[in-house]
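Q: If you want the building blocks of each chain, they are given just below.
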Amino acid sequence: MRTCVTQFAVTSSMLLYSSVPDRQAARFAPSTNQRSFDDRAGAYNDVMFSRAHATPEAKAQTSMDETPISRGFRSRRQEEISKGRVPPGQYVTTDFPVLSAGPTPLIKPEDWTLALQLGGSLLGKWTWAEFAALPQTTITTDIHCVTKWSKLGTTWQGVTFDDLLKAVDIAEPAAHYIMAHCDGGYTTNVPVADLVAGKGLVATRYEGLPILPAHGGPARLLVPHLYFWKSAKWVRRLRFMEKDERGFWESFGYHNYGDPWKEQRYDGD
Amino acid sequence: MIDNSSSGVLDGNAAAGLLQEIFVLDVTTAQIECAACGSTWVVGSLRLYAIQMGAILRCNHCDGVVMKAVRTPHGHWLEMTGARNLIFQV
Amino acid sequence: MMVIETAPVAARRLGWLLAEVREILVETPRVTSLLLHVAGWQGHRAGQHVDIRLTAEDGYQAQRSYSVASPPEDDLLALTVERVENGEVSQYLVGHVSAGDQFQLRGPIGGYFVWTAATGGPLCLVAGGSGIVPLMAMLRHRDRRSSRAPTVLVYSSRSLEDVIYRDELDAMASRDPRMRVVNTLTRKQPEGWMGYGRRIDRALLAETCFPPEQNPKIYVCGPTPFVESVSRLLVELGHNTRAVKTERFGPSGA
Numbered sequence: 001m002r003t004c005v006t007q008f009a010v011t012s013s014m015l016l017y018s019s020v021p022d023r024q025a026a027r028f029a030p031s032t033n034q035r036s037f038d039d040r041a042g043a044y045n046d047v048m049f050s051r052a053h054a055t056p057e058a059k060a061q062t063s064m065d066e067t068p069i070s071r072g073f074r075s076r077r078q079e080e081i082s083k084g085r086v087p088p089g090q091y092v093t094t095d096f097p098v099l100s101a102g103p104t105p106l107i108k109p110e111d112w113t114l115a116l117q118l119g120g121s122l123l124g125k126w127t128w129a130e131f132a133a134l135p136q137t138t139i140t141t142d143i144h145c146v147t148k149w150s151k152l153g154t155t156w157q158g159v160t161f162d163d164l165l166k167a168v169d170i171a172e173p174a175a176h177y178i179m180a181h182c183d184g185g186y187t188t189n190v191p192v193a194d195l196v197a198g199k200g201l202v203a204t205r206y207e208g209l210p211i212l213p214a215h216g217g218p219a220r221l222l223v224p225h226l227y228f229w230k231s232a233k234w235v236r237r238l239r240f241m242e243k244d245e246r247g248f249w250e251s252f253g254y255h256n257y258g259d260p261w262k263e264q265r266y267d268g269d
Numbered sequence: 270m271i272d273n274s275s276s277g278v279l280d281g282n283a284a285a286g287l288l289q290e291i292f293v294l295d296v297t298t299a300q301i302e303c304a305a306c307g308s309t310w311v312v313g314s315l316r317l318y319a320i321q322m323g324a325i326l327r328c329n330h331c332d333g334v335v336m337k338a339v340r341t342p343h344g345h346w347l348e349m350t351g352a353r354n355l356i357f358q359v
Numbered sequence: 360m361m362v363i364e365t366a367p368v369a370a371r372r373l374g375w376l377l378a379e380v381r382e383i384l385v386e387t388p389r390v391t392s393l394l395l396h397v398a399g400w401q402g403h404r405a406g407q408h409v410d411i412r413l414t415a416e417d418g419y420q421a422q423r424s425y426s427v428a429s430p431p432e433d434d435l436l437a438l439t440v441e442r443v444e445n446g447e448v449s450q451y452l453v454g455h456v457s458a459g460d461q462f463q464l465r466g467p468i469g470g471y472f473v474w475t476a477a478t479g480g481p482l483c484l485v486a487g488g489s490g491i492v493p494l495m496a497m498l499r500h501r502d503r504r505s506s507r508a509p510t511v512l513v514y515s516s517r518s519l520e521d522v523i524y525r526d527e528l529d530a531m532a533s534r535d536p537r538m539r540v541v542n543t544l545t546r547k548q549p550e551g552w553m554g555y556g557r558r559i560d561r562a563l564l565a566e567t568c569f570p571p572e573q574n575p576k577i578y579v580c581g582p583t584p585f586v587e588s589v590s591r592l593l594v595e596l597g598h599n600t601r602a603v604k605t606e607r608f609g610p611s612g613a
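Protein chains in written order, with the numbering used here: chain U, 1 to 269; chain R, 270 to 359; chain Z, 360 to 613.
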């Protein structure tokens, strides 16, 4: 048996354009791969279908006559959307699904620190106890995941980005962008304008209890007005950047900014 | 310390559908060499994360990302900077 | 850029096929099998899965993956589906769908988690709940081929009524001395139950599975926590980690 050895010198992501001559919007049908077991958790990746059928052009392209209608199948989600409260394409869930790009780090609060950086210099660093001594803010907000679930009225407690800046005597943010760095290697970029004025906080409690590791504990970034992948779990470092750099998902197919109200899910949207 | 029993983890096998849109042939039966630690695994046996957003395949030995795939309306994305070799039986 | 030294095996693109429900079998109170006719089906190997896609009249679509329950020898393709609370697709497939209904299907997918009679044994299958589905395809294939591979199925279920394919498994085991079915019922055991009544632990696996020296082919399938626990135990018992093939179904639906 011959073996084929394929060597890689790939230094950047390869963008491949789908060339399958499939007349339906089916090109974008993601596979959820939740076996006969938990299709509740797997329900998130049908993103493009709602969009594809939302626009007249998409309707014209999609030859619906050829797609077999599954008699009696209807989406429960669309019945639940409350107009104005939930961004387009989202449905409300009472679950709190866990989505992670890697294994859950288990960090003890006594080992945790949070750093605020500009270039090579440390603007501020807090231990768990020092962080707890900062002004605490509790907010109740809706959160929206790019995989289409929205959770309404979630309550979080932590320290606002404004209060972090105050704690290190920074009146004006040091640069326009922040990269959040997390245990496990996850990163996400957020404009500082989307963190100040109460828009962002580093949260340590959810619904009054310490955030569970699977949900990002001991601390996660919370930027609820953007898609929830920006609310980075296991945050450890907030690094000011002069120029915007793309984080984990932003550099791999997903939108750089991620406004749910504009349905900015993917790069190119 | 890493908790690997995250209930959302799947096997690389579960990404076979998405990967077959890109590779055409079934890459989950191929062997892949992790660029970070040099260990070799069948792609279908790797730990698969974030299936809801795409596919993040990590080395079973060192947890390094070996392969990533995402399907977007504007095209498929594939990244394999974490892999040194992909070995197919032909 | 990728350099291909030799041409890889030619494969067809995965395209959407039309599946029509021909028969519906109620397996347990929560589990139903759908027997499908799939136009243009090219065949599959035991252990593989398919993606199915449902389309509502307003154009809304939902997609899921399901393991194929039938062996490649059968004419109709069987999917066994467990109805999950709040499961948009499973609630439709279990209870709402009727013979004649159609949806789209693509596959077969996944060449890693497969067993063919040619692979041989000894064969050790460990199933948790609906994780039995791809393993059942393997057992049915083994049966159709009259394989002589020594086989043990360790099957963990909550209670006796949750054991999918119970009668068929009992029948297979009684007519084949080389096949053994070991049930463990973790939550509720019937009166007079003589079998295991606990979650799979190291002792249970040691008592039931072929030892590492016999180099068994091992397949583990079920919810992720189940699969990870069983895999870890098998490695502790001395099995090579690469000899244990796993199919995690994701978080438990319970």
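What the hints contain is simulated information worked out from the structure, not anything from laboratory work. Where a beta carbon is used, it is the ideal one built from N, C-alpha and C, also for glycine. Take these hints with a grain of salt, some might be off.
Claimed, not checked - In silico negatives: residues of chain R with every beta carbon more than 12 Å from chain Z: (1) Glu302; (2) Ala304; (3) Trp310.
As the list claims (entries may be wrong) - In silico DMTMM-like links for lysine to aspartate or glutamate, alpha-carbon gap of 25 Å or less: (4) Z:Lys576 to R:Glu302; (5) U:Lys108 to U:Asp163; (6) U:Lys108 to R:Asp332; (7) U:Lys108 to Z:Glu587; (8) U:Lys151 to Z:Glu587; (9) U:Lys262 to Z:Asp417.
Q: Which of the stated hints cannot be reconciled with the structure, identified by number in ascending sequence?
A: Numbers 3, 8 - these are the hints that the structure violates, sorted from lowest upward.
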